[in-house]
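If you read the sequences in order, they're chains H and V. With numbering that gives the first Met the number 0 as the guide, the letters of the first sequence map in order to residues 0 to 255. With numbering that gives the first Met the number 0 as the guide, the letters of the second sequence map in order to residues 0 to 303.
Hints listed in this document are in silico derivations from the structure and should not be mistaken for laboratory results. Every value quoted in this text rests on a predicted model; they were computed, and no experiment measured them. Using N, Cα and C, we set each Cβ at its ideal position, and we do this for glycine too. Treat the hints with care, as some may be off.
Here are the computed lysine-lysine pairs in the BS3-like style, where the Cα-Cα straight-line distance is at most 27 Å [as the list claims (entries may be wrong)]:
#, chain 1, residue 1, chain 2, residue 2
1, H, K1, V, K89
2, H, K75, V, K220
3, V, K220, V, K155
4, V, K201, H, K197
5, V, K89, H, K2
6, H, K79, V, K201
7, V, K276, H, K41
Okay, the calculated beta carbon distance ranges per label pair [said to hold, decoys possible]:
#, chain 1, residue 1, chain 2, residue 2, range
8, V, K133, H, M217, 19 to 27 Å
9, V, K201, H, K169, 26 to 34 Å
10, V, T4, H, D5, 51 to 59 Å
11, V, V11, H, K197, 51 to 59 Å
12, V, N36, H, Q174, 56 to 64 Å
13, V, M196, H, P88, 34 to 42 Å
14, H, P43, V, D31, 18 to 26 Å
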Amino acid sequence: MKKIQDFKVKEYRWLNETGYLLTLYSDQTIEPVSPGNFAEIKVPDAPDVFLRRPISIFDVDYENRLLTFYIKVVGKGTKKMGELNPGTPINIMYPLGNSFTVNGEKNVLIIGGGSGIAPFILLGRELQKKNISTTFLFGARSKNEIVLTEEFDKYGRVLATTEDGSMGEKGLVTQHPVFSDISGFDKIYICGPDPMMKAVAKIAGEHQVDCEVSLENMMACGIGACLCCVTKTTSGNKCVCTDGPVFNSKELAWQI
Amino acid sequence: MADLTVKIKDLVLKNPVTTASGTFGFGEEFADFIDLNLLGGIFVKGLTLKLREGNDYPRMAETASGMLNAVGLQNKGIDYFISDIYPRIKDLDTEIIPNVNGSTVEEYIEVTEKLNEVEGINAIELNISCPNVKEGGMAFGVSCPSAIAVTDAVRKVFDKTLIVKLSPNVTDITEIAKGVEGAGADAVSLVNTFLAMAIDAKTRKPVLSTVTGGLSGPAIKPIALRMVWQVYHAVKVPVIGLGGIMNATDAIEFMLAGAKAIQVGTANFIDPQVSVKIIEGIETYCKENNISSVSELTGALEIS
Numbered sequence: 000m001k002k003i004q005d006f007k008v009k010e011y012r013w014l015n016e017t018g019y020l021l022t023l024y025s026d027q028t029i030e031p032v033s034p035g036n037f038a039e040i041k042v043p044d045a046p047d048v049f050l051r052r053p054i055s056i057f058d059v060d061y062e063n064r065l066l067t068f069y070i071k072v073v074g075k076g077t078k079k080m081g082e083l084n085p086g087t088p089i090n091i092m093y094p095l096g097n098s099f100t101v102n103g104e105k106n107v108l109i110i111g112g113g114s115g116i117a118p119f120i121l122l123g124r125e126l127q128k129k130n131i132s133t134t135f136l137f138g139a140r141s142k143n144e145i146v147l148t149e150e151f152d153k154y155g156r157v158l159a160t161t162e163d164g165s166m167g168e169k170g171l172v173t174q175h176p177v178f179s180d181i182s183g184f185d186k187i188y189i190c191g192p193d194p195m196m197k198a199v200a201k202i203a204g205e206h207q208v209d210c211e212v213s214l215e216n217m218m219a220c221g222i223g224a225c226l227c228c229v230t231k232t233t234s235g236n237k238c239v240c241t242d243g244p245v246f247n248s249k250e251l252a253w254q255i
Numbered sequence: 000m001a002d003l004t005v006k007i008k009d010l011v012l013k014n015p016v017t018t019a020s021g022t023f024g025f026g027e028e029f030a031d032f033i034d035l036n037l038l039g040g041i042f043v044k045g046l047t048l049k050l051r052e053g054n055d056y057p058r059m060a061e062t063a064s065g066m067l068n069a070v071g072l073q074n075k076g077i078d079y080f081i082s083d084i085y086p087r088i089k090d091l092d093t094e095i096i097p098n099v100n101g102s103t104v105e106e107y108i109e110v111t112e113k114l115n116e117v118e119g120i121n122a123i124e125l126n127i128s129c130p131n132v133k134e135g136g137m138a139f140g141v142s143c144p145s146a147i148a149v150t151d152a153v154r155k156v157f158d159k160t161l162i163v164k165l166s167p168n169v170t171d172i173t174e175i176a177k178g179v180e181g182a183g184a185d186a187v188s189l190v191n192t193f194l195a196m197a198i199d200a201k202t203r204k205p206v207l208s209t210v211t212g213g214l215s216g217p218a219i220k221p222i223a224l225r226m227v228w229q230v231y232h233a234v235k236v237p238v239i240g241l242g243g244i245m246n247a248t249d250a251i252e253f254m255l256a257g258a259k260a261i262q263v264g265t266a267n268f269i270d271p272q273v274s275v276k277i278i279e280g281i282e283t284y285c286k287e288n289n290i291s292s293v294s295e296l297t298g299a300l301e302i303s
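Model the full assembly from the supplied sequences, consistent with the hints where possible.
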């Protein structure tokens, strides 16, 4: 069930100049979270940030009542969220949206571009529990934007591409050698910039590999009321907040 | 405890707090967060004769103390509402008030005729003020003759309480209010959003796919308040006030300016529980000020 709940800032872990993990704790129990779910965060002490910010849930610790978000500074809301003192109250609506589906796959590829890695710790953990072989492929402009690889290592093989060649293969994710045998995977999960997701979805479609994408459209309410965050699908406009954020790439009316 | 009941012609609301069309879905979206039965009423998402896909993404832009939207009346059409959505919400102990839209007078009439037959629906809100559709919508609400014509036509086919939602994008809102009152409106609700725009200086492009959209939120509250006050003094029918109401104090200000009931809109996006908090706040205000009936607040502004 969706819930509105008060948390407090526990700690930060900065990963590079603009990316950080924000961990929050609550006195109340944590609602069950599925991989792909997100939260609408009310940015505290920020009168110039009017709407909540939709942020993917990175990790959850039910026992210690913790929620962790991987946040990249892209505007005033995400900047402010990186400047709070421990103990600052912060109000969260969660868990929102649908989640990635896992249906008896044997070998999957997870692709994360930039902050698109956010939903994949939870997914990696679920896949590991189900003994599904997992390969992570992360793409970024440069080495310092490839973060948390040691966390993902626990759940599968980690590969990387960087546009400047400073880490892993040089180039875009779709130029990675792993794509030479893409049919060996029975599913691709991807979250990242639209051009990356479209390029991957196109290849997945050509090789008949099932592909789930997680979209990051701008949102207001996060619960399917305002209809602001829609994406075009084969069955009309759908809300990314409630019908998504995860869509099968075949459902999306992408011009690819 | 104060009597919170308000009457808008034959429509009885258990309290003056309702939710604005387009900001509250069909109510169900908020059921995890509040008891919907506590609300005075729910103005549900705008309905049209046929399914509408609405405008392209992006449809939203955050602005200073507010937001722009350009949803464009996305909905599955009146028949789907009556057959699939309304049965799920009709047993709520609150007034479900459909918001009626059309590209032509005939479409408004057809949608209204269908709703007139639905048992349990005691009122409609005639939307002649949507700024985000190419045809109809606000076009009807910004000129007196067309506002009168559509109100008059709908009045003839609707036996229950007819509320007309006014656009603020006019030179003199009292003229439109008087016009629709004369054409048979039982109440007016105001204001819809202000036509506005946002630009991304980096890309030199508009933020919204439609270039312009409707501004809502606390940024518009002082203007909305002024318009409610003016219209309250210009017409005899009840006024339902909205525009940037974020808390009980805002709601009470609208009532003092002349509103008999209020609608909570954009605030629902930030706090899904705000509508219920506003009811509680009004109750507390009445208690602290020895007000026995909330209607006493309507137009109680003291100008010395």
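Hint by hint, here is what the structure shows:
{"no.": "1", "hint": "K1/H to K89/V", "in the structure": "23 Å, holds"}
{"no.": "2", "hint": "K75/H to K220/V", "in the structure": "24 Å, holds"}
{"no.": "3", "hint": "K220/V to K155/V", "in the structure": "34 Å, violated"}
{"no.": "4", "hint": "K201/V to K197/H", "in the structure": "24 Å, holds"}
{"no.": "5", "hint": "K89/V to K2/H", "in the structure": "24 Å, holds"}
{"no.": "6", "hint": "K79/H to K201/V", "in the structure": "22 Å, holds"}
{"no.": "7", "hint": "K276/V to K41/H", "in the structure": "17 Å, holds"}
{"no.": "8", "hint": "K133/V to M217/H: 19 to 27 Å", "in the structure": "23 Å, holds"}
{"no.": "9", "hint": "K201/V to K169/H: 26 to 34 Å", "in the structure": "28 Å, holds"}
{"no.": "10", "hint": "T4/V to D5/H: 51 to 59 Å", "in the structure": "33 Å, violated"}
{"no.": "11", "hint": "V11/V to K197/H: 51 to 59 Å", "in the structure": "53 Å, holds"}
{"no.": "12", "hint": "N36/V to Q174/H: 56 to 64 Å", "in the structure": "57 Å, holds"}
{"no.": "13", "hint": "M196/V to P88/H: 34 to 42 Å", "in the structure": "35 Å, holds"}
{"no.": "14", "hint": "P43/H to D31/V: 18 to 26 Å", "in the structure": "23 Å, holds"}
Of the numbered hints stated above, those contradicted by the structure are hints 3, 10, listed in ascending order.
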